[in-house]
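Chain by chain, the residues:
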Amino acid sequence: MITFDAVYKWYYRGKAALPPVLGELSLAVEEGGFICVLGSSGCGKTTLLNLVAGFIAPSRGQVLFRGKEIHGPGPDRGVVFQEATLFPWRTVWQNVAFGLEIRGAKGQPLQKTVRQHLELMGLTDHADKYPYT
Amino acid sequence: MNPPIKKTKLAILPFLIVLAVWQIAALSILHYRGVAFPTPCQTLLRLVGLLTGERFLDYSLYKHIGSSLQRWIAGFSIAAVLGISYGLLAGSIHLFEKATAKIPQMLLLIPGLAWIPVALLLFGVGESATIFMIAMTAFAPIAINVHTGVKDIDIRLIHAATMLGAGRRILFFKVLLPASLPSLVSGLRIGIGTGWRVLVAAEMVVGTGAGLGYAIIQARWNLDYASSFSCIVVICCIGLLCEQVLFGRIEQRMAERRGRQVEH
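Chains as they are written, first to last, in the numbering used here: chain S, 1 to 133; chain G, 134 to 397.
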């Protein structure tokens, strides 16, 4: 469960605080829930996601995940970025393997999982290519 | 015209221009001042003689090249280790950056030869003084480039890695280090060129007994200008080889991997 408890978020220009992007936002998203956030450009949609991901901290209030305050990014919460976020020095295969390697996967299980996901996305033939080439 | 032929012709052009200007200058100086200024041909002949084993200031040309390369590698290695370490630390630890960021900036402003009195006071005449000067001069461009490279890393890559569970160590070795590699190589490339230039100048002044800079200045005292010029040609060739061919290729390869093109 994700909970926003009276969250404010404002940014700064130099030392001067700009008007808040989010003001006293309280929201609860149940486990397995599906919500759609709509709004015009600049209304705070990305800020909302960045707070959940832990990339930024609220200016006031709390963002909680399973009852615990979020203090930074972690593998328990995932965000799909708006732009492609790939490591350009790693091949397609190595990019897919990155998260698994961090979690200690290696050998056959790692190879199998990466192969499965490349097949799923139709990227098997591109496994050895670099992302932006 | 066939593109590879055109490219080769364009690559040769600067050398031809230098040779032509050099030839004209040599003939003009001889004509107007009566001074025997070595021509490209005379220099080449002397260079061939030196390369085929003629002794020069008690040693072969290879010994002079070897001595210079040894000092260069020693000084540059120290600068590279310190510069890369500094850049990575300053790029990742905010407090360290705040406290020290001005130091490489200040060092960058000090010309290589200005280190001579410091080097002589610290190490006296000889090898160590020259190595110290190379290290001090090459350190700043390497440190600044690596630092900038780490600072300029796309924040989304760091976010993506931390979201996947990367801790500080993994973030450092698997994201920060490879992501800053292009800047690191650029820094090394600038550092190696700077170090080479100061090496030759330091050998001229500090007095090392052997080395290309030492050979240039000694040959000049003996009025053996053709040998001096030969050494300058060797210096130029070694510098070009390292800076353009070695580092240029590494940069090109990295850029291609990252879907970018580098013009040389």
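Mixed in with the good hints, there may be bad ones.
Calculated cross-link-like contacts (lysine to any residue; reagent style SDA-like; alpha-carbon spacing at most 25 Å) [as the list claims (entries may be wrong)]: (1) G/Lys140 <-> G/Gly298; (2) G/Lys307 <-> S/Ala16; (3) S/Lys106 <-> G/Arg386; (4) S/Lys106 <-> G/Ile303; (5) S/Lys112 <-> S/Gln94; (6) G/Lys307 <-> S/Leu123; (7) G/Lys307 <-> S/Leu48; (8) S/Lys129 <-> G/Lys140; (9) G/Lys307 <-> G/Leu177; (10) G/Lys307 <-> S/Pro19.
Derived from the structure by calculation, the hints contain no laboratory data.
| Any hints this thing doesn't respect? Which numbers, in order? | 1, 2, 3, 7, 8, 9, 10
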